[in-house]
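Visitor: Whole structure, please, built from the sequences with the hints as guidance.
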Amino acid sequence: MGSAAVKKQSQRIRLGMVGGGSDAFIGGVHRIAARMDDRFELVAGALSSTPERSRKSGEELGLSRIYDDYTKMAQREVRRKDGIEAVSIVTPNHVHYLAAREFLKRGIHVICDKPLTSTLADAKKLVKATETGEALFILTHNYTAYPMVRQAREMISSGDIGSVRVVQVEYPQDWLSIEQDFKQANWRTDPERSGAGGCTGDIGTHAYNLACFVSGLTVNSLAADIQAFVPGRQVDDNAHVMLRFNGGARGMLWSSQVAVGNENALRIRVYGDKGGLEWAQEDPNYLWFTPFGEPKRLITRNGAGAGNAAARLSRVPPGHPEGYLEGFANIYTEAAEAIIAARTGTAVSSEVMYPTVHDGLKGVEFVAACVKSSARDAAWVKLEL
1 MGSAAVKKQS QRIRLGMVGG GSDAFIGGVH RIAARMDDRF ELVAGALSST
51 PERSRKSGEE LGLSRIYDDY TKMAQREVRR KDGIEAVSIV TPNHVHYLAA
101 REFLKRGIHV ICDKPLTSTL ADAKKLVKAT ETGEALFILT HNYTAYPMVR
151 QAREMISSGD IGSVRVVQVE YPQDWLSIEQ DFKQANWRTD PERSGAGGCT
201 GDIGTHAYNL ACFVSGLTVN SLAADIQAFV PGRQVDDNAH VMLRFNGGAR
251 GMLWSSQVAV GNENALRIRV YGDKGGLEWA QEDPNYLWFT PFGEPKRLIT
301 RNGAGAGNAA ARLSRVPPGH PEGYLEGFAN IYTEAAEAII AARTGTAVSS
351 EVMYPTVHDG LKGVEFVAAC VKSSARDAAW VKLEL
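Numbering of the sequence shown is given in the working numbering, commencing with residue 1 and proceeding in unit increments.
Hints are computed from structural coordinates only; laboratory data are not their basis. Please note: incorrect hints may appear among the correct ones.
Within a straight-line C-alpha distance of at most 27 angstroms, the following computed DSS-like cross-link-like pairs (lysine-lysine) qualify [what the hints assert, rightly or not]:
(1) K81 / K105
(2) K125 / K105
(3) K56 / K72
(4) K56 / K81
(5) K128 / K72
(6) K382 / K372
(7) K105 / K128
(8) K124 / K105
(9) K128 / K382
(10) K372 / K124
(11) K72 / K125
(12) K72 / K183
(13) K124 / K72
(14) K125 / K382
(15) K372 / K125
(16) K372 / K128
(17) K72 / K105
(18) K382 / K124
(19) K296 / K274
(20) K56 / K183
Guide: In structure tokens:
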């Protein structure tokens, strides 16, 4: 974010972390994101379900307050004058609800990795938990905080492509094309830890959230054909999903972790009656805009044609790349704005936006609906939330 947006409050937010030990990729990502704009300071952690690993990871990070489990951490931190104000939960999916509940009921703000929970029942309970207190809940759908994603959303909202007709979104990877035996693959392919959706929950929820966020539309029903191509795999590794949006627009979502040759090829295309927009995560600083009957136009991050929605999330001049880590950092900095507003009893800027527990609930409902639809031979299933 620009420096003016970053330095409104000099006191850093005291942050704890659940999960994300030294052997966890996503933990490092969250720590970098939290510190990029100097709004948070990591002061405590329960960094592994194994106490020895938690202590080792905490020592490597220079933490003085290292806990064996998240319950002890929540109980003790809330009693300290210098206790944590917020906690990052970066565990496998099945831990999200139980961990978040412990902190929410003590008034500690929660920043949680997606998907919200591993089951729809837990997701609904977590929504209720946020409604009984004043603690904020932020879900890290980081792709919604890329500058050019915000640019696309702003243009669609302003009517630049007219009435939305078609939304095409895909997120293919290839890293689970064969059976893998290491930590990150093991829990993602275990329904007890990942939930009923494998690829659908892991990256399909990102694609679904992005489609709704950029278009500004809500899905009312879907028809899904999900598969587990790798022999013996208990959760899906590929999904084709047809979407019907309120207002009449139609969409197609493809998520796959067996698409050989793809790394993190998240891509969205939105077409209206006056034009179209295209954005790709692997080339994130550019947005293609095509008015009907005219040549394609390239809009660059912080360049000519980019609006305030993109500019306020950019840190460097156009031509210098920003991407994955900066997108994560933007979520954390937007969260910091909201947390500081809650701390000081002031109103948060209308420009601040971040995925909430309700966005997370919709994502878990999406996964459950895909599983249900596919079990019924891709029958249409209504979404209620």
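Visitor: For each hint, tell me whether it holds in the structure or not.
Guide: Checked hints:
no. : hint        : in the structure
1   : K81 / K105  : holds, 18 angstroms
2   : K125 / K105 : holds, 12 angstroms
3   : K56 / K72   : holds, 17 angstroms
4   : K56 / K81   : holds, 26 angstroms
5   : K128 / K72  : holds, 23 angstroms
6   : K382 / K372 : holds, 10 angstroms
7   : K105 / K128 : holds, 11 angstroms
8   : K124 / K105 : holds, 16 angstroms
9   : K128 / K382 : holds, 22 angstroms
10  : K372 / K124 : holds, 18 angstroms
11  : K72 / K125  : holds, 22 angstroms
12  : K72 / K183  : holds, 25 angstroms
13  : K124 / K72  : holds, 25 angstroms
14  : K125 / K382 : holds, 21 angstroms
15  : K372 / K125 : holds, 21 angstroms
16  : K372 / K128 : holds, 24 angstroms
17  : K72 / K105  : holds, 14 angstroms
18  : K382 / K124 : holds, 17 angstroms
19  : K296 / K274 : holds, 13 angstroms
20  : K56 / K183  : holds, 18 angstroms
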